[in-house]
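**Q** Be aware that the sequence shown starts at 1, since it is given in our numbering, and climbs by one per residue.
Hints in this document: simulated from the structure, not taken from any laboratory.
Each hint can be trusted.
List of simulated lysine to any residue pairs, SDA-like, C-alpha gap at most 20 angstroms:
#  : residue 1 : residue 2
1  : K391      : S365
2  : K112      : Q25
3  : K223      : A181
4  : K223      : R176
5  : K410      : S399
6  : K391      : M361
7  : K51       : R102
8  : K410      : G424
9  : K42       : Q149
10 : K112      : A18
11 : K346      : E333
12 : K223      : L179
13 : K165      : L205
14 : K165      : R207
15 : K51       : T89
16 : K51       : V144
17 : K97       : T14
18 : K112      : I130
19 : K42       : G62
20 : K391      : Q379
21 : K346      : A181
22 : K34       : G45
23 : K51       : A63
24 : K34       : D54
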Amino acid sequence: MSNINQPSGWRKATVGLAIAEQHAQNGEKAAVPKSQAFVSVKRVGAHIGLKAGDMLLLDTLGAFTQAQDWEEGQRPIVWASNAYLMEQTGFSLSALKRHARRLAEIGVISFKDSPNGKRWGRRDADGRIIEAYGFDLSPLSARVEEFEQLQAELQTERELCQRLKRQITVARRMIRARLEAASHAALSGPWEHLSGLFEDLLGRLPRRNSGSETLERLLAWFKELQEHVEAAYLKGTRTNEAVDNSAESIEQISEKTQELNPREVKPEPHILITTQLNPVTCNRSETEQAAGMVPNAPPEEWVDRELEDWVAETRKKRGAALDLPTVMQACPEFASWARNMGGYLKGWGDLHRVAGQLRPMIGISEHAWNLAQDRLGPQIATAALVLTFDKHCAGEVASPGGYLRGIVQKAGAGELHLERSFYGRLSGQAA
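Could you build the full structure based on these sequences and the hints that come with them?
**A** Right, here's the structure in full:
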């Protein structure tokens with residue numbers, strides 16, 4: 001009978017096999033439950049190089065072991081025949097040898113050979129192995145702590161990568177929103193150059209899983225570009241407001257844009273409360289609170305102060321405290337429905353029309369909608385309905401009609417801070 005324990009031929013002595021035997025000796029001194037040993041290796045199997053076929057063979061071997069085989073001073077050795085293993089796994093003989101070899105080279109099993117190269121074993125009356133030769137699973141016991149530590153490190157890395165991906169997504173959305181807003185408003189600025197840089201960065205996004213170092217580098221590039229885009233947008237807005245027929249060239253604007261630091265801008269007093277009938281001014285600390293920072297959140301989960309100038313700039317437009325791209329980016333569920341219903345939305349008029357069409361879908365009555373428009377004005381009422389729709393889709397609001405009425409009541413009491421809700425949702429997307 002062909003036997004994969006044969007000491008000559010296909011199996012040569014290697015450093016990997018010697019290390020596996022050392023693990024087996026250490027495993028004999030440990031007392032690790034079988035379930036813990038297998039769970040620990042399965043969680044890191046792909047990372048240490050095990051393939052699906054390797055894990056299938058390992059499971060098949062593990063099924064032959066008994067609880068007492070994993071006690072201290074014992075070795076879980078399996079002496080099943082090739083024919084039986086081939087029947088259980090569906091492997092050919094060559095595949096069986098290949099998977100067994102890889103398990104041993106990676107150090108999760110070792111080979112305990114008999115003098116004649118045959119696999120065999122026997123147990124006593126209590127079921128304990130007295131003598132056995134074959135596949136030794138003791139290395140699993142020796143490496144449980146190592147595998148569990150590795151799994152914890154991998155989990156930390158995965159969570160970091162997920163957080164970085166979310167932050168990159170938010171930065172991308174903000175950049176795209178600003179570029180679209182600049183295009184719609186026909187602002188002066190190096191928009192072609194900035195759009196080219198944006199497309200180049202999008203092309204660098206990994207199509208497969210990447211490490212945190214790569215994602216951190218990409219996030220830094222996106223944030224740097226976002227700062228340039230925000231600075232250019234603020235510069236273009238101020239230029240359009242101050243001089244209708246500016247003679248300044250695009251090249252000059254581009255040069256000044258790169259020198260401009262949006263965090264050095266000192267915004268003038270502006271309207272804080274979206275729907276307050278008598279505008280009031282606020283100080284710097286109030287501006288920072290309205291910038292979308294989440295109270296008591298860890299510093300790394302803030303969108304930081306990069307939104308501050310954006311907030312200040314949009315609030316300076318007394319009749320338009322929120323711009324359309326911001327509303328759409330903060331409420332992706334509504335944006336998806338709106339684009340399906342109304343196609344390309346050119347402005348607030350289009351958004352108001354689509355909001356009225358989507359209103360019945362979430363159970364808001366026509367009376368409640370008309371009341372909101374009367375008390376808030378068409379634009380703020382539209383923004384409020386968008387927010388209500390998105391929160392209802394996300395499961396945050398059970399009664400959309402009641403939520404919208406609450407917004408109207410807050411506005412009447414001068415306590416509505418609608419902008420904070422939108423910027424807070426953008427902040428939450430990065431958290």
